[in-house]
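When you get a sec, could you build the whole thing from the sequences and use the hints?
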Amino acid sequence: MSMDFNRIKEKLNILADAAKYDVSCSSSGSNRKNTNKGLGNASNGICHSYSEDGRCISLLKILLTNHCIYDCAYCVTRKSNDIKRAAFKIQEVVDLTINFYRRNYIEGLFLSSGIFKDPDYTMERLIAVAKKLRLEENFNGYIHLKSIPGASDELMYEAGLYADRLSVNIEIPTVSGLKLLAPDKKHEDFAKPMLKVKNEIIRFKEERKLLKSTPKYAPAGQSTQMIVGATGESDKDVMYSANHFYKNFHMKRVYYSGYVPVSNDNRLPSIGTQVPMLRENRLYQTDWLLRFYGFSVQELLNAEYPNLDMDVDPKLSWALRNMQHFPVDVNKADISVLARIPGVGMTSVHKIMKARKFRKLDWDHLKKMGVALNRAKYFILCDSRHWERRDLDPQRIKGLILSTSYGKFRPQYSNQLSLFN
Amino acid sequence: MTATKTFIYDGSFNGFLTAVFAGFEQKLPFADIQKERLAQNGLFSETETIFTNIELAKRVWNGINGRSNSAIKNIYFSFLSGEKNLEPLLYQYIRKIMGSKHVASDFSDACILKISQTAQKVHREKHRMEAFVRFQLTKDGIYFANIEPDFDVLPLISKHFKERYADQPWIIYDLKRNYGLYYDLHGVEIITMDLSNGFGNSIQKSVAMTNEEYDYQDLWNNYFKSTNIKSRINKKLHSQHIPKRYWKYLSEKKEAV
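If you read the sequences in order, they're chains A and B.
Everything in the first sequence is counted per the numbering used here, starting at 1 for the first residue and increasing by one.
Everything in the second sequence is counted per the numbering used here, starting at 1 for the first residue and increasing by one.
If you are wondering where the hints come from, they were derived from the structure by calculation, not from laboratory data.
Since the model is a prediction, treat every value here as computed from it, not as a measurement.
Glycine is no exception: its CB is placed at the ideal position from the N, C-alpha and C atoms.
Hints are supplied without guarantee of correctness; some may be wrong.
Some chain A residues near chain B, calculated using beta-carbon distances under 7 Å [stated by the list, open to error]: (1) Gly-40; (2) Asn-44; (3) Val-275.
The calculated DSSO-like cross-link candidates involving lysine-lysine, where the alpha carbons are at most 30 Å apart (straight line), are [to be verified]: (4) A:Lys-89 <-> B:Lys-159; (5) A:Lys-37 <-> B:Lys-159; (6) A:Lys-117 <-> A:Lys-37.
Now the structure itself:
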C-alpha cells in the first residue's frame with residue numbers, strides 16, 4: 001500500500017495542532033496484555049518524547065476532523081473560526097498509529113473529533129478506528145477515545161469495549177459559564193455519556209467477579225478536563241466541580257488546562273493574555289492533596305478562602321492557617337499526620353515510616369530522604385536538640401520560607417515578596 | 001588494622017556472585033571485590049582469583065532472593081551501573097540483607113541508601129531507553145535501533161521489547177558497549193555487529209533503510225512540532241526530560257543537535 005505522504009502530512013499538521021489543547025496525554029492505568037503474538041501492550045505508560053512546552057508525548061493525539069457544527073467560544077475549532085479544515089479517513093488514522101507504534105514513538109492513540117453532522121455519527125467513526133485497530137491489526141496498545149457529548153448509550157457501550165480510556169471534557173467548570181460560551185451545548189449532554197460509562201465499568205467489574213473471561217471495558221477508566229481562567233471562575237468553583245466528578249463519576253483524573261487565548265471574542269481573555277500556568281500548577285497540587293494526601297476539598301478551599309495562595313503551595317498554605325496541628329513528631333506521628341507536613345511528599349512519608357522502625361530519625365536522615373527541610377523544619381520535631389525555638393507567627397514563617405526558596409514561577413510574584421522582607 | 005582480602009573476578013555478574021560466595025564461605029566481614037582489568041592490590045591485602053561458577057552464583061542469587069525480592073533487584077540494577085568500587089559496598093549490603101531481610105528498607109543506613117539510590121539511577125536509565133529507542137525499518141524488514149545508554153541496561157529492557165513487539169523482528173544495539181539484542185520472532189539473542197559504515201543515527205540517512213522509513217520520520221517530526229503549544233514554551237523543562245546526550249537518536253530532535 002502506498003500513502004500520499006504530503007497530503008497526510010498536511011492533515012496531520014492541522015489535526016494535531018487542533019488536538020493539542022487537550023492536556024491529557026496519560027497512557028497509564030490500563031493492563032492490556034499482548035495476546036496471540038500481536039502488536040503492543042498497555043500498562044504503565046511511557047513518555048516517548050517531550051514537546052518544547054515541556055509536556056509529555058505519549059500518544060498520537062489528533063482529531064479525526066476539525067469540521068464542527070458547534071460554535072463554542074473557547075474552542076479553536078469552533079464553526080465561526082476562519083481556519084483550515086481537514087478530515088482523516090479511518091484507514092489513515094489506523095496506518096499512522098500502527099507505523100508510529102512499531103517505531104516506538106508512541107504508546108497508542110488519543111482520538112478526538114470536531115462534531116460533524118451529529119454526535120452519534122461522530123462517535124460511530126471514532127469507534128470504527130478503535131475497532132479496526134483491535135480486530136484487524138491485533139493492536140493491544142493504548143487507545144483513548146473522546147466521548148462525544150450527546151452520544152447514545154449503545155455507542156458508549158461499544159466504545160468501552162475497544163478503548164482503554166474514555167473522556168468527556170466538561171471544559172467550563174460552571175453552568176453559567178457554559179451557557180455564556182457554548183450556547184449550543186447542554187450541561188446534561190456532558191453528563192449522559194459519563195454516567196453510562198461509569199455504570200458499565202461497575203457492571204463489567206461485577207460480572208468479572210463471576211466470570212473471569214468477561215471482556216475488558218475501559219480498563220483505564222474515565223477522565224475529564226476543565227479550562228481555567230476563561231470565565232472568571234474561582235479556584236473553589238474549579239475544585240468543587242472536580243471533587244464532584246471524582247466522587248460521582250469515579251473519574252480517574254481531572255485535568256486543568258490554563259486557557260490559551262484563541263479568539264478575539266470579548267467574552268474571553270484577549271489574544272496575547274498570559275496562560276495562567278502558575279494557577280494551573282496550584283490546582284494540580286490541590287488535586288494531588290485530595291487524591292493522595294487525605295485532604296478534603298473544604299479544608300483547602302471554602303467561603304473564607306475561595307482562591308489558592310499563589311506564592312506558596314496549597315499544603316503550606318493550609319498549614320499556616322492551622323498552626324494548632326503543629327509541630328509534628330516525625331518519629332511518632334501517624335502516617336496521615338505525616339502526609340500533612342509541608343515539604344514532605346508521600347515518597348518521603350513512606351521512607352520515614354520504614355526507616356523509623358530502625359532508629360530515631362534526625363535532621364540529617366530526613367534531608368537525605370528528600371524532605372524539603374526549608375519548609376518542613378518549622379512544622380516538625382525529630383531526634384535532635386536543635387529545632388525552631390522561636391515562637392514564630394505564620395506570616396513570619398511564610399516570609400522566611402519565601403526568602404530561602406526559588407520556585408520556577410518566582411518572577412510572577414516577586415513583587416509580593418517585598419511585603420515580607 | 002586487619003588486612004582485607006581482595007577477590008579478582010572477570011567482571012560478569014555471575015563472577016561477582018561467585019566472589020560473594022567465597023567471601024561468605026571464609027566468613028569475611030569485608031571483601032574487596034575487583035574487576036580483573038581494574039584490579040589494584042592493597043599494600044597489606046591478600047589476593048584470590050575467582051573463577052566464575054554458575055552453580056555457586058545461583059546459590060547466592062537464590063539465597064538473597066529468598067530473603068528479599070527487592071534487594072536482589074537492587075543488587076542487580078546497581079551492579080549494572082558499572083560504578084567504580086561499588087562491589088565492596090555491594091558485599092556489605094548483601095551481608096546486611098542476609099542478617100535481616102528487613103534492613104532493605106532502612107534508608108537511614110548509608111550503605112542501604114547508596115545501593116538503593118544507585119539502583120534507582122539504573123532504573124531511570126532503563127526507563128529512558130524504553131522511551132527513547134527509535135526503530136528504523138531496514139530493507140530486510142528488521143526494526144533497528146542504536147542506543148548509547150549511560151549504563152549497561154540491555155539485559156533489563158529485553159523483556160519489555162520482546163513482549164511489546166512480539167510480531168516484528170527487531171535489533172537494539174548498544175554502540176558504547178558494542179553488543180545488541182536481536183529478536184527473530186521466537187527469542188532474543190545477543191549479537192555483535194560491525195556498524196562502521198554508518199548504520200547511523202537520526203542525522204545520517206542510510207541506504208539500508210526503506211524509503212518509507214524517512215517519510216514516517218518526517219511525519220513524526222511534523223507531529224512533534226504541531227503538538228507543541230508555543231505560548232507555553234518551557235525549554236528548560238524540555239531538556240530536563242530529554243537530556244541533550246540522547247538527541248542524536250531521536251528523529252524529532254535531529255534539527256536541534
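Quick one, are Lys-37 (chain A) and Lys-159 (chain B) close enough, alpha carbons at most 30 Å?
holds, 14 Å
Gly-40 (chain A) as chain B interface residue, shortest Cβ-Cβ below 7 Å
holds, 6 Å
Quick check on the hint: Val-275 (chain A) CB to chain B CB, less than 7 Å?
holds, 5 Å
CA of Lys-117 (chain A) to CA of Lys-37 (chain A), is that 30 Å or under?
Given pair Lys-117 (chain A), Lys-37 (chain A) is violated - Cα atoms ~39 Å apart, limit 30 Å.
Tell me if Asn-44 (chain A) is really an interface residue toward chain B, meaning its C-beta lies closer than 7 Å to one of theirs.
violated, 9 Å
Decide if the proposed pair is consistent with the structure: Lys-89 (chain A) and Lys-159 (chain B), CA atoms, cutoff 30 Å inclusive.
Cα-Cα ~35 Å, so violated.
Hints 2, 4 and 6, counting from the list given before, are not met by this structure.
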